[in-house]
Amino acid sequence: MTSETDKSATYTEPGVAGLVSDWAADKQTFDMPWGKIMMWIFLLSDTFIFSIFLTSYMNVRISATDPWPNASEVFALQIFGEYVPLLLIAIMTFILITSSGTMAMAVNYAYRGDIKKTVWLIVATALFGASFVGMQAFEWSKLIEEGVRPWGNPWGASQFGSAFFMITGFHGLHVTAGVIYLLWTARRVGSGYYEGKDLAIVEIAGLYWHFVDLVWVFIFAFFYLW
Amino acid sequence: MSETAGQQHPIGIYLKIWLLLFVFSAFSYAVDYFQLQGSLRWTLILIFMFLKAGLIVSIFMHVQWERLSLKYVLFLPLFAIAVLITFMAIEGDYTYFTRLFFFGR
Numbered sequence: 207m208t209s210e211t212d213k214s215a216t217y218t219e220p221g222v223a224g225l226v227s228d229w230a231a232d233k234q235t236f237d238m239p240w241g242k243i244m245m246w247i248f249l250l251s252d253t254f255i256f257s258i259f260l261t262s263y264m265n266v267r268i269s270a271t272d273p274w275p276n277a278s279e280v281f282a283l284q285i286f287g288e289y290v291p292l293l294l295i296a297i298m299t300f301i302l303i304t305s306s307g308t309m310a311m312a313v314n315y316a317y318r319g320d321i322k323k324t325v326w327l328i329v330a331t332a333l334f335g336a337s338f339v340g341m342q343a344f345e346w347s348k349l350i351e352e353g354v355r356p357w358g359n360p361w362g363a364s365q366f367g368s369a370f371f372m373i374t375g376f377h378g379l380h381v382t383a384g385v386i387y388l389l390w391t392a393r394r395v396g397s398g399y400y401e402g403k404d405l406a407i408v409e410i411a412g413l414y415w416h417f418v419d420l421v422w423v424f425i426f427a428f429f430y431l432w
Numbered sequence: 064m065s066e067t068a069g070q071q072h073p074i075g076i077y078l079k080i081w082l083l084l085f086v087f088s089a090f091s092y093a094v095d096y097f098q099l100q101g102s103l104r105w106t107l108i109l110i111f112m113f114l115k116a117g118l119i120v121s122i123f124m125h126v127q128w129e130r131l132s133l134k135y136v137l138f139l140p141l142f143a144i145a146v147l148i149t150f151m152a153i154e155g156d157y158t159y160f161t162r163l164f165f166f167g168r
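Those sequence lines, one after another, are chains S and V. In terms of the numbering used here, the first sequence has 388 at position 182, counting the first letter as 1, and numbering is strictly consecutive. In terms of the numbering used here, the second sequence has 73 at position 10, counting the first letter as 1, and numbering is strictly consecutive.
Because the hints were derived from the structure by calculation, they are not lab data. For every residue, glycine included, the Cβ atom is placed at its ideal position computed from N, Cα and C. Where hints are given, some of them may not hold.
Some, not all, of what chain V presents toward chain S, calculated at C-beta under 8 Å [claimed, not checked]:
hint: 1; residue: A116
hint: 2; residue: M124
hint: 3; residue: Q127
hint: 4; residue: P140
With the rest of the complex left out, here is chain V (with noise of 0.2 Å):
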């Protein structure tokens, strides 16, 4: 192993991560709290989501610090997943206009 010593970082990082984390957490419960409603809502709701993942994934996790043939084998991965969500969400919205065609609610 060319690191034997692993992932060594100053503990500051941590605790820095720690407390923005603990901010976005309570933005997003903000969100809630003050009832924003509407593509304001969700669009909130969807930055603070991925700056949480990010931050977690990329320090936490120490991914930011790994090579790249890791991040390859823990990203390319998830289109898969894009693309179900895709194909799910289509699904979703013609299943819900049988529903309404065909039962009337």
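Looking at chain S on its own, in the form it has when it is part of the complex (with noise of 0.2 Å):
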């Protein structure tokens, strides 16, 4: 909205007085540029999708009658004859939260003005988002090899497949078009088409970076960990 009102609109007022003048004044609601709070509602909705998919892997979890595999066991690497647990799905964390790290000074950058840098921290995420993907084709590959599938596998309940093709799947699409979100925004900001303008757009691709980083917690916590 770029009516005169908004212009002359303010946003100091803290806590719950703030929140009814906001709502309630004539100006629009949100403090932020119209993409910032579209992103937001994308997010949120987004998280409803990934809890509706959690949700349904607790469902099919609990009401088993066969013994759930151990995800400690079935995501073990062999490193020098010797099994790790998880080591690959540890490994994907950290460079996940490495580029989600990345992420935020990018957008720190970008709002100072330091446009060479924002680009190089939006290709070093985009970078370390790509091996996530990488690291999670090999992990689908070595699980379907010893013989996963949607409908069965070979050390117990039959819903950890499904469950683990679905989440992890979704998760790994996210990641997928968030790379190509983040190398797009890059060339656009290195190219200087925002040049004179707000680089809120760095923020915007960065929240939903961070959501993909966010959704990844929940992942390891409840279907790896658990």
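Two chains, two frames, a set of hints: combine them into the complex.
Encoded structure:
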């Protein structure tokens, strides 16, 4: 909204009184560019999608009468003849957190006006994201080779496979989309498309990327560790 | 916009949070590595999960510095998810016992 009232609107009042005045006064409710609030609304809807996935996983795991496969053993990797539990998943977790760190710094440098650093930090984030997807592809191929299918697996409850492929697959899809989105953002920022404009666009891309990391925190806890 | 400059904070805070996220991730990995079991395992997993999620949302996604009107939009709907989880947990237990009762396995 770009009406006259918006320009004079203030968003200084804190707390509940501020909440009331944000909604009731003659101004736009949210003190941010429209793209940012739209991203937040999208992320809220995405939160519901992932929550439904994880809740249905919880439901089938509670109701399964066959023993649930032990994720710690299923996802173990053999290093120098020894089985290390969840090694690849741990590496993937650290990589995603690192990418979130570089993204946060990219947002920071964008608001400082340091275009060069912003672009390189976004590219670094995208590369970490791409390596995450690569490891996930490796993990999927390994499990498929061992006989995990959406309808069954060698170790126990057949619901394990469908929950695994749905949840990690949907998350991997988000990471892949995020990598493309980030590279596009880096290209536009680097080519001077936003010159003289607000670089909130980087923060909006950052919100999406941090959300992907956030979802992984829950998947890691509930699917791999529980 | 009152904050035309957007979210500006010293770079150090991101590095600190980054480090904390690494430490918490290492802790939650250690829970599995040392094969802690039972309620101790579940409590620790949940604690580290919520600590990490909280840091990402409040600092990396800047929610801590956002106005209350946005926070309510983000957090009030989560109540519906809590209700869903509760219902589905009850439902799951019911299905489990029904299966045991009728199929004996």
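Hints, one by one, checked against the model:
no., hint, in the structure
1, A116, "holds (5 Å)"
2, M124, "holds (5 Å)"
3, Q127, "violated (13 Å)"
4, P140, "holds (6 Å)"
In the structure shown, a violation is registered for the earlier hint numbered 3 alone.
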